[in-house]
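Peer 1: Same order as they appear, the protein sequences are chains A and B. When we follow the working numbering, the leftmost residue of the first sequence carries the number 1, and every step to the right adds one. When we follow the working numbering, the leftmost residue of the second sequence carries the number 1, and every step to the right adds one.
If you're looking for bench data, these hints aren't it; they were derived computationally from the structure. What you are looking at is a predicted structure, and each value in this text was computed from that prediction instead of being measured. There may be inaccurate statements among the hints.
Derived coverage of chain A by chain B (criterion: at least 3 residues anywhere in the stretch with Cβ under 8 angstroms from a Cβ of chain B; other residues may be distant) [unchecked claim]:
1) 57 to 64
2) 99 to 107
3) 124 to 136
4) 220 to 227
5) 243 to 251
6) 254 to 260
Every residue gets a Cβ at the ideal spot worked out from N, C-alpha and C, and that includes glycine.
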Amino acid sequence: MRKTWCFSLVLMLALLTAAGPSMAEEQSAPLGKDVTLAIGMKLWFNTWQSANGSFGAQQGTNVQSYFSDPNIAFIPSISLKIKDFFISTSYLGAPEYTFPEYSDTIVIGSGPTTTGTAYTLNHKTTAKRTESDTNIGWYVTPNLAFTLGYKVVTQEITDKTSGTGLTSTTSISKPTYAGPTIGFIGSVPLGEGFGLFGNLALGKLDMTYEGGGTTYNADYVSSELGVGFKEKSLPLSFTVGYRFTSIEQKLPSYAMGGPVTPISPDVTKGFTFGINLIF
Amino acid sequence: MRKAYITILLLVLVTGFAAAAFAADTEETTKVGKDIYFTLGYKTWINTWQTALNSYPPEGGANIMSLTSDSVAAPIFSSSLKIGKFLIAGSFMKTPDYTFPDSQDALVAGPTPTTVPPPGLVFYKFKTSASRKENDINLGYYITPAMAITVGIKNVKQTYNDLNADRSIFSTSWTKYSGPIVGITGGGRLGESDFSFYGNLSYGFLKGEFEGDPQTFNATYSSTELGIAYRPISFLSFLVGYKYQTIDSKLTDPAYNNQVALDVTKGFILGANLTF
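Isolated chain B (complex conformation) (with noise of 0.2 angstroms):
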């Protein structure tokens, strides 16, 4: 989510972005000592990203406008250390630069109906492109061998550019969201096969801010991972799923009537688990 100030015309632009958690600890790490096990995952998230941005009222009306980026290969790193029943794991993801369609809005300033001078048609342009980085803490509970319960901290910041018409940078700002987060991770063999099914599920509740404005707002996230992993040697482990995070931004300026932002980022994803 993000606030920028264009002239007089104040635009708030909307994002969300959710990370992932873990990776398919259970079928992927290697014992490293008694009840100890120890695991370093790479994956490449090819993901879009569906944004928002919010128009100014009453110039702009009270509405919300959705961008949805081309495609993207974010790399995401992660550990995770399971001892006894206990686990705590953590991933961290830097992306490059999404690029978002164009488009434009009608602005006008002071109350309707009214008459504006020539052109008449007071259109604003919006190009832009944006990055992030996210990451994530969480501490979790074997309640059977295949499944755990977990809870964390997430952490989302987001970097938006505004570009001139040559598409270079005119203006960067940025939005951040943190917050806890609860979920399940499990998984288990598919038969005698080296194959294995594996899904995790998070679930939070956020703070937002933007740069610049003490003022926070409330998000809602979620995060879901499900695929198959291999495991063709006992010390390396591929995977291929599909990855789903939303964060739902609750809009507090009243001219909104309750409206929600919302931010998603989905595609498939491909890793590799190193075992020590």
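So that you can see chain A by itself, here it is in the shape it has in the complex (with noise of 0.2 angstroms):
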């Protein structure tokens, strides 16, 4: 979520994604007695959809989404299992995100009962952003697992605008999203090596910009679905799946008086290709 003071210009934003436990462990071959290590590679191809908060006194009290091109994040990750626990970490990195440029009516005026100067603020925006959680896990039966785990979600949004008229600006914002997640992963086979894989985690995170300031709270939930192989003579296996994240935050300062409270979203969702190597 972006809170923009246009003009005067004051950018704060604030966006998320997110990732859910990896599941290299469900494509994982003995090292040991009990024992399974996996390390795995996901390519992610997704895209991004991010919000900001309007500046309410130049542009209405609304919340702007942009949607970005296609991009293409790897996702690299570990898991260790030993009889009935497990415990994975993985990592999400990506090349810059890019928003199609947008434009937006502000206007200028001194006081709500003076005349005003409209203009057409234009936007030009690009984003990184990396994620990484870690996350413990209890087999409760050999193909489902719940799990305990901790994400961290870091973005950096530069934020270009310009209009005839207007002083061209440059806001960059970092926020940081962190807190403990729940869910479970699931798996059953298909026969012939193949299997069928979900996982789901949610929680509660909290947000901040770098720099300190106050704490906000946001909903996540990430979720994947795919379908699993590996051959059995080959240490190797291979996942096609797809994936969304989800981090909603509330703006109770957005609400207009009606019965329901404003939201932040940011979804993140695509198509994943994974391949895990099996010691």
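Hey, can you piece these two chains together into the complex? The hints should help.
Peer 2: Okay, here's the thing in structure tokens:
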């Protein structure tokens, strides 16, 4: 979520994205008695929808969203399973995301009862993000585990604004989201080395901007569903799936007196392709 | 996605919503004949709806405002028939009204920069509620006993209400989406227990249309659901899962510079399947 003060211009942006527990343990093979280790790499062909809060006094009070061009994120992961327990961690990195340029009408005036001047403010936005998570899990059956974890999402959003009659500006906002998650992972064999897998994680994250200040609450959910394949004779497995992450931040200060509190959404979604090396 | 005319201003509301396909058919069916299985299902989807309201260029700029509703419980009825390795399944959903947050946008007629008279700040306030109907029908083929690939048709109709200050309905309009989808559905038992894991994924390319507008637009659809089912007795099973749907609407007006309006519906789902 980002808050924009146009012209005076202070830009605060909070955007969110997330990742769930890794699934490497689903494709793992014995390293020793009751011990398995898997190292994985996943490519995520994803788009990112982000949002920012407008500056109500000049733009009207609303939540503006923007949707990135497709991008490819890489997600390395490692997991270790010992008997019915496992620990796994993953990292997400991606090249810079580019968002289509968009514009908004702003009205600059000295007060609501005086004459104002309307401008068209153009936004050109790019953004980076990284994510990491660590989870511990317990297998309640051989193919279903419950997980507890910790998720961290960092973002760096660069917004260049310009317009006729306006001063061009560049603002950089660096929000960080962090907090606990809970979830499950499951899989079922499909025969011939194939399996269906899925995971779901829910969490409550705290968001802060670089430099400190107010902490905001955000709801997190992430899930992936797909099919894996492992050739018995090779220490490799492959996956293809679909993954989404969502972080929603409530914005009570954007309420206009209605019965529902506004939310700033952040959605990242797309197909994944993964490979796991098993020791 | 919705189009509406407000005095001289055209305001476009873009939303998307996608519906569920079928349940964990593999685990929930009972044999009614040789290689024939039939299932009736009911689900309650406790979901929120993130939709979008397009600004009207040039008065409002060219941007997309996001609105996220409070939760509603949407009923989903489904049935499926499996004959040999083939499957036909359908579902139907009709929701109560979703309520969205009130919002406002600055709208100024004419080219900018321009001087606007008092009060200077020209804001239009939006009060919105909406409901939707969805249905889909799918044909499937089981490539293994636990997983089928599917091809189907998805239809979504969204009805939007502009509300007065007292929240009575001022005007109504609809947006429709329709098109082909492909997907997978699968599931299997968790060990030797009565529990099973299930999941399904659908992906499609829809055409959208506004009420009263002959021009259509393209939209990409995706839907996933995964969860756990429990079958305590042979003719009845229960499930709990999480369902997530999106429709990405590509805005055709060049002023939007290829922006995409995202529509997300997501939440926990509870269901029961009765078998014959």
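Peer 1: Indicate, hint by hint, whether the structure satisfies it.
Peer 2: Checked hints:
Only residues whose C-beta sits within less than 8 angstroms of a C-beta in chain B count toward coverage, and the region 57 to 64 of chain A has 8 of them, enough to reach three; the restraint holds. Check on the region 99 to 107 of chain A: 8 of its residues sit with their Cβ under 8 angstroms from a Cβ of chain B, so the three-residue criterion for coverage holds. Requiring three or more residues with a Cβ within less than 8 angstroms of a Cβ of chain B, the coverage given for the region 124 to 136 of chain A is violated, as only 0 such residues are present. Counting residues of the region 220 to 227 of chain A whose CB lies closer than 8 angstroms to any CB of chain B gives 5, which reaches the minimum of 3, so the coverage claim holds.
For a cut-off of 8 angstroms, the count of residues in the region 243 to 251 of chain A with a CB near a CB of chain B stands at 3, and the three-residue condition holds. With 7 residues having a Cβ less than 8 angstroms from any Cβ of chain B, the region 254 to 260 of chain A passes the three-residue criterion, so the hint holds.
When the structure is compared with the earlier hints, a violation turns up for hint 3 alone.
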